[in-house]
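Produce the complete structure using the sequences and hints provided.
Here is what each chain is made of, one letter per residue.
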Amino acid sequence: QDGQALSSTLIADRVSIDANGVLVASGNVEAMQGDYHLKASRITYDPNSESLDIEGPIILQDGPNSVVLADSAQLSTDLREGLLDSARVVLDQQLQISAVELHRVSGRYNQLYNTVASSCEVCAKRPIPVWQIRSKRVVHDQEEKQIYFDHAFFEVLGVPVFYAPQLRLPDPTLERSRGFLTPSIRNTSDLGTGIKLPYFIPLGQSKDVTLTPYVSAGTGYTRTLELRYRQAFRRGYFEMNGAVSNDSLLEDELRAYVVGNGYFSLPREYFLSFDIETASDEDYLNDYDYNYGKDRLDSAVTVQRIRKDKLFKGEVIFYESLRSEDNNNYQPYRVTDINFNRRIVPAYMGGILSLGFDFHGHQRRSEEDVLGRDVGRLSGTADWKRNWIGPAGLLFGAEMGTFLDHTAVSHDSNYESSVTEFLPYGVAEMRWPLIRQGGATTHVIEPVVQLVWSRESDEDTPTDESTQLEFDSGNLYSLSRFPAPDEREEGLRANLGLSWTRSDPTGWSMRWTFGRILRSEDLGQFDGYAIFDGAESDWLGEVLFDLPNRLSVANRATFDDNFDFTRNELRLDWNRDNFDIGTSFIWLEDNITESRYYDTQEWTIEADWDVNERISTTLDWRYDMTLDRAASTEIGLEYRTECVDYDFAFERSYSDYDQTSPDTSFSFQVNLAGIGNTGKGRTRPVRLGCRG
Amino acid sequence: QGTEVGFGNPEHDSSAPVEVVADQLDVQRSEGKAKFTGNVVVTQGLMKLFGDVVDVEYAENAAGDTEIQWVHAIGNVTLLNGVEAAEGDDAVYTVESGVVVMTGDVLVTQGENTMAGEKLTVQLETGVGQMEGRVRVLFNPESEPEKTE
Amino acid sequence: CGFTPAYAPGGAGDRLRGQLTTDPPYDKPSYVLVDRIETRLSRNDSAPYRLTFSITYGFDGLAVSPDGSTYRYHLTGTLDYTVVDQNTQATVTSGTVRNFVAYSALGTTVATSASAIDARERLMIILADQVVTELMATAQSWLP
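Protein chains in written order, with the working numbering: chain A, 1 to 692; chain B, 1 to 149; chain C, 1 to 144.
Wrong hints could be hidden among the right ones.
[Stated by the list, open to error] For lysine to any residue, the following SDA-like pairs were computed, each having C-alpha atoms within a straight-line distance of at most 25 Å:
(1) A:Lys310 to C:Asp45
(2) A:Lys294 to A:Phe340
(3) C:Lys28 to A:Tyr263
(4) B:Lys48 to A:Ser16
[Stated by the list, open to error] Just some of the chain B residues that point at chain A, by a computed CB distance under 7 Å:
(5) Val20
(6) Val21
(7) Leu107
(8) Gln110
(9) Thr114
(10) Gln123
(11) Glu125
(12) Gly127
(13) Gly129
(14) Arg136
(15) Val137
(16) Leu138
(17) Phe139
Since the hints were derived computationally from the structure, they do not count as laboratory data.
Quick caveat, the model's predicted, so the values are computed rather than measured.
From the three backbone atoms N, C-alpha and C, an ideal C-beta is built for every residue, glycine too.
Here you go:
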């Protein structure tokens, strides 16, 4: 349809015209038409044939991502039709297709004959690239951004390993093109060596499906089909990952998993989000590394609207535990939480009045007495708080309010079926922050004394939620150390704390915090929790260092008067441009009430290091000090050349307490650069150049 | 067959008489010079040279007749020779050698194509033109594709 | 020894009261953060300065048992804040505070869910207190 040639421009230092009007341009010769731009040493134009005879070296830039190099050529004046000799097409500075001849057809198709295609750099010192595709003919459709190979031999280090009569690959600049993504080879001790071959299918602008068959053999076998479905909506997004397998680990069973999530913004600023997680059996996710670090699957639907002084959140969660020690019959499997909150600034009183209404319900599948207990709870809260400046820089604070909890219990004869508790409370607080300014460094010391009273409840309700207690500067001054309203802290107690902050924005800063809780009388609420039991809680000690070049160390410990630690957790995070290291050490004393039957002592190191633009390594090491052996070690190495990425991953972990021989697995992945837009964020390593 | 293009017309004869027509003529006989001003047209055979002002130099030839040796046209200069047309600010025609050198935003139209440069040298007998300076050629295809044998 | 009470007349704490309003919260944890900051700095909806904040979380599974269950989690939080002059929209000061909280994933599913929610809200209280302390410490350099 566009046989009509387009106008084009030729520029040169000298142009001579002979008697027949033949132009000969020489000296920095350039020809341009639209976004085609050609450079050559000499161009001859014959008005009779309306064509250009071009002598090389020729560089034809056709479009932003495609360059054609050739020795000589004969093209139409608009550079859209014609023939180039010993041409080399370079696409997106990556994939190079060299050929004896290149035919340009209507500015859209480049047809190359006797071609070699590769993104590896080829030079005298390295004549054979790591991979190349040798074929009789290649057609590069620049409009559809597809490359068609006829009679193609895929060669690795010069050795043909794969033949295809017809092969189609997306050109590097194409995104979301239907076709195979990069295959990967995976080897694990359970499933042997296998290959994953992902196939991407775009469905219009906003949907796509990726199907990945995974077949392996050797020490085990698997026939697996993985699926990923994604859809973007105008006001939302949905993604689902799943897989179906038949393998040697569970011979006769079909194993499957589905993990999906999505969100939608609803009218009047409401926001809906949901996620689905289910698996056919406990080990499936672990065996195939689909585990997303999940040992308990939760599927949830959440609707919420959060504004400056108004909060609404409604959520239903369905649990399915994969832990060997959990019996899904006796675990709460359906949990509903609805929260309302309103904050108001009362006219005369000032301060902040907060009114809340919360519903919580959790059900167990079993109907048995005690083991199948279901709990429902309605809580009303009203709270008013305010602070004033007193004499000598003291800051007084007052807070008063009440909880109204109505708890309904079923399938548990130990508890009344419904109980209502009215629990008023009052708080008096005194802070006395002191500041010392010294040049860039400022010190702030802040002692805090808080007196809290809340009415003791004479009712007894089950405690399914508040079974794990923590003590840190986040709840040192809070109304209750119990994480959920199924238990409220009672009686008269004093929360005492002191924090010292040295802050120097240009240098380093540090923050110490100490705290303790003193009770007028031990009501036995915290029996079994060593940190909080008795009339005096453990000491809380926290230190936080923010050191130059993004190194931060944080340590939190609870210990009693003679420095006998109940908990000690240390974190060190250091991230720089080319590496980041995170190491954590935790020591948790055993605590039967919290079902921690052994002391937990573990040291982990996580490090990612980009050695240089070609090599990057990752390390994930976990040492179980209680069992005195490395619990798991994962080492990853990626070597990137201009045309291939090699990813190695080595993983070793112990899967049983007493097992001596660990599971080791080794996986290996090869990505061919220059085939399709892999969308990888990082740029390709620059070519070394032939002298390299 | 193809359109006849190029500067040449083989019949050009440098020894043909040169005729100059202008609105006004000032002659300095002693120095063998003349200055023509106003719509000056210099003609030799098929070749025509237009300009606002043309200075001419005379000399006796071997046969004793006075003859124009050298023509210098200035201002809106146009050279017509066969099908080609070249425009510029200034042109010098050395009759004996049959060479015209045009300078100053020279523009040559050749059928649908145009060529612009700083200096154009034309051999009238051979029809060979040489354009120099950052030459820019604009190829415009004929409106209807031409069938060339 | 060079220390002066922050809430003595003209002290940093005293000058800071009622001078900041915060960006609106966007989820339950940030609702707690805004409430804590407004309580500590005394709320004033038409304050001359506005505090903007953005929080990024990190999640670390620890105490992994041999059969792959994770019994301890560290939740790290990094809060980047700026203080903006309401009428000139110029940023007068900014900073970053970070810390972590921990919670156990033992016991029942609802126990873990309650611990996780409570941990995130404790982290908000910690980060809010650190922002208030840093604002008091730097007030001299940006608060007229």
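Hints and how they fare:
{"no.": "1", "hint": "A:Lys310 to C:Asp45", "in the structure": "holds, 15 Å"}
{"no.": "2", "hint": "A:Lys294 to A:Phe340", "in the structure": "violated, 30 Å"}
{"no.": "3", "hint": "C:Lys28 to A:Tyr263", "in the structure": "holds, 17 Å"}
{"no.": "4", "hint": "B:Lys48 to A:Ser16", "in the structure": "holds, 21 Å"}
{"no.": "5", "hint": "Val20", "in the structure": "violated, 27 Å"}
{"no.": "6", "hint": "Val21", "in the structure": "violated, 28 Å"}
{"no.": "7", "hint": "Leu107", "in the structure": "violated, 13 Å"}
{"no.": "8", "hint": "Gln110", "in the structure": "holds, 6 Å"}
{"no.": "9", "hint": "Thr114", "in the structure": "violated, 10 Å"}
{"no.": "10", "hint": "Gln123", "in the structure": "violated, 9 Å"}
{"no.": "11", "hint": "Glu125", "in the structure": "violated, 10 Å"}
{"no.": "12", "hint": "Gly127", "in the structure": "holds, 4 Å"}
{"no.": "13", "hint": "Gly129", "in the structure": "holds, 4 Å"}
{"no.": "14", "hint": "Arg136", "in the structure": "holds, 5 Å"}
{"no.": "15", "hint": "Val137", "in the structure": "holds, 4 Å"}
{"no.": "16", "hint": "Leu138", "in the structure": "holds, 6 Å"}
{"no.": "17", "hint": "Phe139", "in the structure": "holds, 4 Å"}
Consistency note: the structure conflicts with the earlier hints numbered 2, 5, 6, 7, 9, 10, 11.
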